[in-house]
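K.L.:
Okay, here's what each chain looks like letter by letter:
2 protein chains.
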Amino acid sequence: MESWLPGSSGPAEVGPRLRGLRGADLAASACLLSGAGAEAGCSAPAVAAVLPAGGSGERMGVPTPKQFCPILERPLISYTLQALERVSWIKDIVVAVTGENMEAMKCIIQRYQHKGISLVESGVTRHRSIFNGLKALAEDQPNRRLSKPEVVIIHDAVRPFVEEDVLLKLVTAAKEHGAAGAIRPLVSTVISPSADGCLDHSLERARHRASEMPQAFLFDVIYEAYQQCSDYDLEFGTECLHLALKYCHIKAKLIEGSPDLWKVTYKRDLYAAESIIKERISQQICVVMDTKEDEEHVGHRLEEMLKNELNHVKVTSGRDLQQIILEECYNFVCVNVMTSDFEETQKLLNMLEESNLSILYPVVVISVQFLDYESEPSGQKMENLMRIREFAKEVKKTNILLYGLLVYYPQVCVSQWLAKQ
Amino acid sequence: MESWLPGSSGPAEVGPRLRGLRGADLAASACLLSGAGAEAGCSAPAVAAVLPAGGSGERMGVPTPKQFCPILERPLISYTLQALERVSWIKDIVVAVTGENMEAMKCIIQRYQHKGISLVESGVTRHRSIFNGLKALAEDQPNRRLSKPEVVIIHDAVRPFVEEDVLLKLVTAAKEHGAAGAIRPLVSTVISPSADGCLDHSLERARHRASEMPQAFLFDVIYEAYQQCSDYDLEFGTECLHLALKYCHIKAKLIEGSPDLWKVTYKRDLYAAESIIKERISQQICVVMDTKEDEEHVGHRLEEMLKNELNHVKVTSGRDLQQIILEECYNFVCVNVMTSDFEETQKLLNMLEESNLSILYPVVVISVQFLDYESEPSGQKMENLMRIREFAKEVKKTNILLYGLLVYYPQVCVSQWLAKQ
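Chains as they are written, first to last, in numbering that gives the first Met the number 0: chain A, 0 to 420; chain R, 0 to 420.
Since the hints were made in silico from the structure, they are not lab data.
All the given hints hold, so there is nothing to weed out.
Each pair may be met inside one copy or between any two copies, as identical chains are not told apart.
Straight-line C-alpha distance at most 27 Å; calculated BS3-like pairs for lysine-lysine:
1. Lys250 to Lys168
2. Lys174 to Lys134
3. Lys266 to Lys168
4. Lys395 to Lys277
5. Lys392 to Lys306
Using the sequences provided together with the hints, build the complete structure.
P.N.:
Here's what the structure looks like:
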């Protein structure tokens, strides 16, 4: 078993840039609910997470295991890690991957700057992988580098949209009941086939639920269950709640989860995940105007139009750009009416590069230039404009996608065009 | 109950333009397997389909019932109808919709030119809707306009990707066993909760399957089952296979379906369906060159590049355009190096409009003009080029999306640019 911790795993250092206010609120509630806060001025409850990620993804129909399939060029598992990292009260995240994928996983952690992750080698089955993850957190193991948590969350690497509120409900319920799992209504009727491939009986849909992930357990409960369980369980079982019931007589509390908890299983799920992520990051846009703005500036007109399409539209002439970038806006339009240079765009690109915003998602910048075609044609002006291709090549290396848009018009038409919109 | 047949419902007239060779092959096999072919020189087996489409789609989280949600601006149910229409041996398709949606459904049938569809009013539950659909096909009903089929397929309006091969397997199995249903492996473990919201027991995943749609039945079997079944069944049941078992003692044959059979249930499923459809129609592109082509024509270079990205790339200077349109190509690039007029593009647009290709999917046409910016600037030339906006508005009404792309370059650069690619 290999263990690897990039940098310190202290929870205070885990992706602070990405943690919103909502996270802080929930952390406070977690504290309140846990009862652990009384001792050390509301210290984070001892919660760790184990992610089995050793699967081969054969159902996906693609050679890459599904947890490593790219969504917007970033591996699926990185989104799941990000979702867990955002939760301030999860101290350690243990990921079980195959020896074959160990190096790739290290690269992912480094590239996307994930913090507080430990890697262990996965087993040949899901249960064995989880067991390996639990061992890395247990007290009775030699050379252990992590401390035993009170509660452990078990989650799937291929469920990237897990929210803090369901994690909190599960952890709270696990403290009370010993185990808790997320459930969803069944989408299809479940049937039991007979040996000859015919219907034996069908189950009443209302009396059954789909058991989803995440699940949470008192660490001692689930570790005990794994230590006691049979080889048959480890080989053929998939359900942790079942082990807790069978070996520790713990009846898990069932928590209704959101539809977002679904497991990325088939290629269509990758499409769905990509669309969900795209929708999330595309709802916020910032229009950057050149500083020679006026009342009738096209930037303001653009703002009006974009507001009909998008949830969050901001306009700036540059002063509060830093703040907008901090709030994780991934889409920018730079509008240049009067100039044929890229001073404003260049400034924005510099700020974006410094912010590291584009590590997690591509940042899109559209630099719009208005040019009067009736004015004297100027080779020099065009050369200036065509420099954008060089910029674009340069910033693409840092995951910033720069596009140039030249609006070529007779001067007199602009006001007409704007009036028409 | 309302019954409505737009035009003739003869199977030979159902969307012949859309029926591929594979469909014809399968129809021949269907004939062979059915044993019905012997009597009347291989007449189509008597198969009808019933589609309950009265659901409210509350799980989708959108006000529109999911079967009417648009995918690429076309309602989901139209894709499902298209999938069934393509199967030459399905004679009638009965769709059960609410009175409220009856007019909307008629519009969909008319707009997308669906043939052989009958509408009936849905019931308040899925089972009641199916029963209404079956009644429209039964012999014992007054004023019936459809003939009783030997086998009836029951399918969901929200499963648009059903393929002919699985339909054929089901119909064949239904003839032999009286009933047949598509199944899929379970993605999640199924559990049974206790009354207090805790785990009672979990089911062994390998011993159970998800019951999907379509299903097929000897008409007399399933109609008998619906006639006998209790009000409780009609109110709270969902599974037709269960009714055939309970009331007619028919153990349905279970047929493994493809992952594509999944039911569009949540918003993410709409995203997935859209991506699947986009992928299908975007893998074929046709590059139309202007007739003043030469060896170094940019169209040929474009072809080389596109071949790395897409499955089917064709290049034409216009002569075999008609054939390419018939083969359902939805993407065109018109490359014009030497002219600033739109003669070639206009020709293509005319052919597309005549073909009705864009009834089912949007057709994308990109008209590319190369223009030397060092040549004498000509207002007239620009005015010509800007006419594309007028064309675009015009053809958008017929679902053709026309884009203009002006590549503005110094003459000397073109060969350099091409050499670099």
